[in-house]
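Protein chains: 2
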Amino acid sequence: MKTSFIHTYVSVDCVVFGFEDDKLNILLVQRNVDRKGLKDLKLPGSLIYNEEDVDDAAHRVLFELTGIRRMSLKQFRCFASPDRANDPGDVKWLDVAYQPNINRLITVAYLSLCKVDRKLNNISKYKQTEWCPIDDVPQLPFDHNQIVKESLIEIRRWIEHSPSIVFELLPQKFTISQLHKLYEAIYNKSIDIRNFHKKVAAMSYVIALEEKQKDVSHRAARYYKFDKKAYNKLKTSI
Amino acid sequence: MKTSFIHTYVSVDCVVFGFEDDKLNILLVQRNVDRKGLKDLKLPGSLIYNEEDVDDAAHRVLFELTGIRRMSLKQFRCFASPDRANDPGDVKWLDVAYQPNINRLITVAYLSLCKVDRKLNNISKYKQTEWCPIDDVPQLPFDHNQIVKESLIEIRRWIEHSPSIVFELLPQKFTISQLHKLYEAIYNKSIDIRNFHKKVAAMSYVIALEEKQKDVSHRAARYYKFDKKAYNKLKTSI
Numbered sequence: 001m002k003t004s005f006i007h008t009y010v011s012v013d014c015v016v017f018g019f020e021d022d023k024l025n026i027l028l029v030q031r032n033v034d035r036k037g038l039k040d041l042k043l044p045g046s047l048i049y050n051e052e053d054v055d056d057a058a059h060r061v062l063f064e065l066t067g068i069r070r071m072s073l074k075q076f077r078c079f080a081s082p083d084r085a086n087d088p089g090d091v092k093w094l095d096v097a098y099q100p101n102i103n104r105l106i107t108v109a110y111l112s113l114c115k116v117d118r119k120l121n122n123i124s125k126y127k128q129t130e131w132c133p134i135d136d137v138p139q140l141p142f143d144h145n146q147i148v149k150e151s152l153i154e155i156r157r158w159i160e161h162s163p164s165i166v167f168e169l170l171p172q173k174f175t176i177s178q179l180h181k182l183y184e185a186i187y188n189k190s191i192d193i194r195n196f197h198k199k200v201a202a203m204s205y206v207i208a209l210e211e212k213q214k215d216v217s218h219r220a221a222r223y224y225k226f227d228k229k230a231y232n233k234l235k236t237s238i
Numbered sequence: 001m002k003t004s005f006i007h008t009y010v011s012v013d014c015v016v017f018g019f020e021d022d023k024l025n026i027l028l029v030q031r032n033v034d035r036k037g038l039k040d041l042k043l044p045g046s047l048i049y050n051e052e053d054v055d056d057a058a059h060r061v062l063f064e065l066t067g068i069r070r071m072s073l074k075q076f077r078c079f080a081s082p083d084r085a086n087d088p089g090d091v092k093w094l095d096v097a098y099q100p101n102i103n104r105l106i107t108v109a110y111l112s113l114c115k116v117d118r119k120l121n122n123i124s125k126y127k128q129t130e131w132c133p134i135d136d137v138p139q140l141p142f143d144h145n146q147i148v149k150e151s152l153i154e155i156r157r158w159i160e161h162s163p164s165i166v167f168e169l170l171p172q173k174f175t176i177s178q179l180h181k182l183y184e185a186i187y188n189k190s191i192d193i194r195n196f197h198k199k200v201a202a203m204s205y206v207i208a209l210e211e212k213q214k215d216v217s218h219r220a221a222r223y224y225k226f227d228k229k230a231y232n233k234l235k236t237s238i
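Chains A and B, in that order, give the protein sequences.
Taking my numbering, the leading residue of the first sequence gets 1, the next gets one more, and so forth.
Taking my numbering, the leading residue of the second sequence gets 1, the next gets one more, and so forth.
Worth flagging that the hints you see were computed from the coordinates, not collected in a lab.
Among the clues, some could well be false.
Copies of the same chain are indistinguishable here, so a pair counts whether it falls within one copy or spans any two.
[Said to hold, decoys possible] Below, simulated DSS-like cross-link-like pairs (lysine-lysine); rule was C-alpha separation at most 25 Å, straight line:
1) 189 with 235
2) 23 with 198
3) 199 with 235
4) 74 with 149
5) 189 with 233
6) 149 with 235
7) 181 with 198
8) 189 with 199
9) 228 with 199
10) 225 with 235
11) 125 with 92
Source: prediction; values computed, not measured.
Take the sequences, apply the hints, and build the full model.
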């Protein structure tokens with residue numbers, strides 16, 4: 001019988017994407033409870049505080065993890081299956097990490113993007129963090145694997161709606177080959193390079209620099225940069 | 001001081017769009033507490049039950065309100081400002097409608113679409129419901145006005161991503177003029193009719209019928225229908 005209304009804790013969980021070695025990576029943290037040396041990774045997250053809005057909680061989690069304030073962040077879904085925090089290992093971890101008797105826990109999932117070459121200043125309670133290629137994500141606690149899966153669909157939507165966000169995954173200076181490989185990684189398919197060059201040529205906000213790669217064995221490729229002003233101007237003129 | 005984690009009730013709220021008299025309308029319900037005959041409208045919603053997922057709660061609310069099972073539904077945002085349920089009138093209503101001492105309440109907002117010519121079978125606790133043009137939405141309780149505002153941005157995104165959903169707002173048979181006015185209403189701007197005809201001509205899933213309007217003072221327009229099979233075929237071929 002459905003007789004009572006839930007009275008529950010609420011958390012935020014963040015899927016932070018990075019781009020490295022031609023692959024999409026996500027940032028995982030190691031839980032504090034030691035399971036005999038086994039890696040016990042999860043998405044970075046936190047219960048939200050009494051006087052906190054969910055978006056603020058997500059910004060707090062990311063700031064503590066990276067030292068970066070106001071990262072691009074997109075709330076994408078509330079996960080609230082009644083049995084998402086039923087696994088005994090997860091219950092035990094919640095007992096220790098937060099407080100006992102967390103009988104149900106709903107979470108609001110966020111997407112974020114980070115340049116992996118950026119030095120992260122981690123002051124969170126998670127001492128160990130690591131970038132993990134999206135295809136090699138291990139079994140995660142709670143419904144975190146499902147959250148990761150849905151975040152991939154969501155990042156594509158985000159890019160279709162706001163093409164500029166891909167540049168948050170690239171270094172300040174990047175080659176067209178890097179941009180191409182990023183698109184291939186996000187869409188998980190090969191994209192014809194000649195068509196891709198045409199596509200980029202139409203992006204008036206991708207600006208060729210004088211500078212080229214140095215110390216590479218192949219022909220040095222030209223660097224490009226993203227011109228945010230040109231992008232915003234274009235966007236408001238549509 | 002942020003010292004404790006929230007332990008809160010969670011609700012769902014639904015913005016149900018309909019299309020009537022060339023305008024976007026939303027479905028509002030009248031709260032049970034009588035304020036001396038004053039209309040006291042809100043978005044349809046409910047606290048979620050102990051064993052219920054949020055999506056299921058949203059489907060339950062819409063089914064109770066309309067008699068329609070599995071309406072198209074899109075979760076779009078969790079609203080969790082700490083002061084969203086602080087207004088004394090809202091607190092009083094929660095006391096009576098649910099239970100006392102609901103000190104904080106976060107809500108998960110959903111979008112839905114409904115044909116307004118469909119007979120609704122309302123078995124919800126809200127005895128009175130009404131379609132309200134989006135431009136005439138009165139002051140609503142909680143943060144419902146903000147939810148409505150953000151739902152308008154969200155419905156545009158939804159359509160860009162899934163063009164077929166607009167047809168859920170139209171009668172089974174519709175004229176191009178109706179479709180045109182629906183797009184104008186959603187985007188809140190005038191759209192050149194000749195360009196629009198070209199756009200529709202490119203939609204292979206919008207099928208002209210033999211039938212035309214009857215009993216109209218102007219030249220009878222042809223009816224069209226949405227061909228879901230053709231749409232799905234096209235979608236999978238992209």
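Quiz item: Which earlier hints can't be squared with this structure?
Solution: Per hint list: zero violations.
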